[in-house]
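> Here are the chains, one letter per residue:
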Amino acid sequence: MRKLLFLLLPFLGSGPAMAQERKTLEIHGDFLIDAQTYQEDTAIGATDIPEQMAMNAYGNFNFTYGNFYGGLRFEAFMPPILGYDPRWEGFGIPYRYFGYNNDGLDITVGSFYEQYGSGMVNRSYWEWYLGYDTFYEGVRVRYKPVKGLMFKAMVGKQRFYWDFGEGLVRGIDAEIDMAEFFPGLRESGTGLNFGASFVSKFQEDQNPFLVYPENVGNGALRGTFSKNGFLLNAEYAYKVNDPSAINGNNYRPGQGLLVNAGYSKRGLGFNAGFKRWDNMDYRSERSATGFDLLINYNPAMAKQHTYRLATMYAYATNPNGEMAWQADLYYNFKRGSALGGKYGTLVTINWSQTYDIVRDSIQPPDFDTRKFYTSPFMQFGTPKWFEDFNIEINKKISRKTRIFLNYLYQERNNEVQPVTFNGTTETVYTNIGIVEVEYKFASKKVLRTEFQYLQTEQDFGDWCAILSEYTLAPHWYFSGLWEYNLGNPDTNNRDHYFSVYTGYRRGPTNIRLGYGRQRQGILCVGGVCRPVPASNGLILSIQSSF
Amino acid sequence: MFKITDTVVKNNSFFLSFLTLLMIFSFNSGFSQEQSNWKLPDVELRDLKNNPVFGSEVANTEGPTIISFWATWCKPCIQELNNINDVYFDWQDETGVKLVAISIDDSRNVPKVAPLVNGKGWEYDVYIDANSDFRRALNVQTVPHTFLLDNGGNIVWQHNGYTPGEEEDLFEAVKKVANGESVK
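As they're listed, the protein sequences go chains A and B. Each residue of the first sequence is one higher than the one before, counting from 1 in the working numbering. Each residue of the second sequence is one higher than the one before, counting from 547 in the working numbering.
This is chain A alone, in the form it adopts within the complex (with noise of 0.2 Å):
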């Protein structure tokens, strides 16, 4: 009966009423198969497993037929390649959905990802490269009664791997754009919104030493004003008492407070942030750990590097308590001026702390409430988790020759979240120099050459490290890296790692081969990081979509 139903639903919109624009079945998707394999090199530490190949592939087909729209993904890791969760395993579909888009209102049911203002109370997404997903299986609604009032709902639980999280998760978010119902506002070109948003998990307690909520709210303000270039934005949000293996069953409540104010003009940008995150961990599960069952999102107070040695001690977010700041400047030298030269030079300078909260624990411990400690909203506490100072110099030298010079000074301590290669919990210092220059040898022939050195005093010391890449745009592209850890304090360590690449784009199509030894390091997107062992061998892999 319900496959008869689904049999009829293409003729249903195909009425007289609809008839006057052509409606067509819209089917699109991608895929995506990055495949490894794995061979023993005990140098840098990398070794074979059992099957030899590792796969992780997907695809995705989303339909669209008038105001219906829907889709699936398959999803198969075969098995995962190394560094991802060994529970990835496996192959199915377990991403699909339905839904129905008219006159403003959006309802979806099946699996979906949602997000509330900055994210500090919801957020599911998906970040295929970190094996991070934690889509909702469940029903959503979004309403638009009038232009500039907005209304979300949802229930849902979450994705667990190949199965679903304990915890229901409930949430509802409203939001208002004052300029559409104040016109003065508007004539003055000032922009000023609100919205407030609530979620509510609730999971069974089975404990049978501690009494836990079984619901826990958290909800959250938050409110941007704009006005001649200058935008601040800022969101406040409060959790209950939410005992959890995060924060060794702390049942302090949660806040977390994120402000970032801005200034741009054309050839100027600025902006400053803070953020304070005191126990704001928010999962579906209380045992959940790592990118577990994670129903909110903590960003990262600083710069999100891509340069190969900018990113080897890389931050990644503390759970429990953080106060950070950070300040971001563009600035354009104009083409004639005297540091601008013939093209225009543009300097980018970005610099970032981030410490602990403070905590003043209460003495003698009180176990009827189980705070385990109070703490003063706006101090900065020890240690520094994290500093990072960078400025970056791009420069137009002539019609055929672009250079970017870095340089990176960064602090990072090892003691929550270690990213040391030799396993220690010391702040490791580094300064770091990168030099890259892009020549275009005809219209379409570019060889771009990146230089980096980065020096430390702590864990395996100097590394330094060489990325060339030659691109036959529209089709070919060949590339090279080669790093060296010249200043292992070990000489028998002091490794080269080699790997070349070569490629091929046509269209939405990219298919990459590459062969050659990778370093242990860390991955990391938008704050959420993954360790990438040391391997050797060859690579394959395949993306298009259509």
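Heads up, some of the hints might be wrong.
Stated by the list, open to error - Some but not every residue of chain A turned toward chain B, in silico, with C-beta under 10 Å:
#, residue
1, Lys23
2, Phe31
3, Glu114
4, Gly117
5, Gly229
6, Ala261
7, Gly269
8, Pro299
9, Glu438
10, Asn536
The set of hints was computed from the structure by calculation and includes no laboratory data. Even glycine gets a Cβ: it sits at the ideal position worked out from N, Cα and C.
Based on the hints, put chain B in the right spot on chain A.
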């Protein structure tokens, strides 16, 4: 673990059969490969003042549209948008094209988008897709990824990746689309 996987597959058999049926019907009902009717999905985006804007509202109404997915941490993306910015007025003059830049930066990097866009002096319409909803609805895997829409707002061309010089190919396609020619 395999038991769980099996149930997931079983649960989905009905979705699969549904999709297959839809496909059959689409061909029966004269779905034509020639004429694209693929529109931008009606997904919520944010403008640089954090106000909601819907995907269906961002396309050019009087000419071709380029949709360019990018991020503040993506160097080739910024390079592509820089290089197009240098010739953007000429492109607009000749074809009436509009470029819409969709940033997939998440809330960690969203505050950096407006300062970067203005710092570079880009003249584009810029929107933020902070949880990648728009990106997923258009099956964009990596950035930069570019779509070209015809005068009627139908997606007729797409491309992944960028190296300097490729904007010339894009402009060739824009010119064809502006003249109502096929870019297949």
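> Give a verdict on every hint.
Going through the hints against the structure:
1. Lys23: holds (8 Å)
2. Phe31: With Cβ-Cβ at 9 Å, under 10 Å, it holds.
3. Glu114: holds (8 Å)
4. Gly117: Given a least distance of 8 Å, the restraint on A/Gly117 holds.
5. Gly229: The hint holds - A/Gly229 has a Cβ within 10 Å of chain B, the shortest such distance being about 7 Å.
6. Ala261: holds (9 Å)
7. Gly269: Status holds, d = 3 Å.
8. Pro299: holds (4 Å)
9. Glu438: holds (8 Å)
10. Asn536: violated (25 Å)
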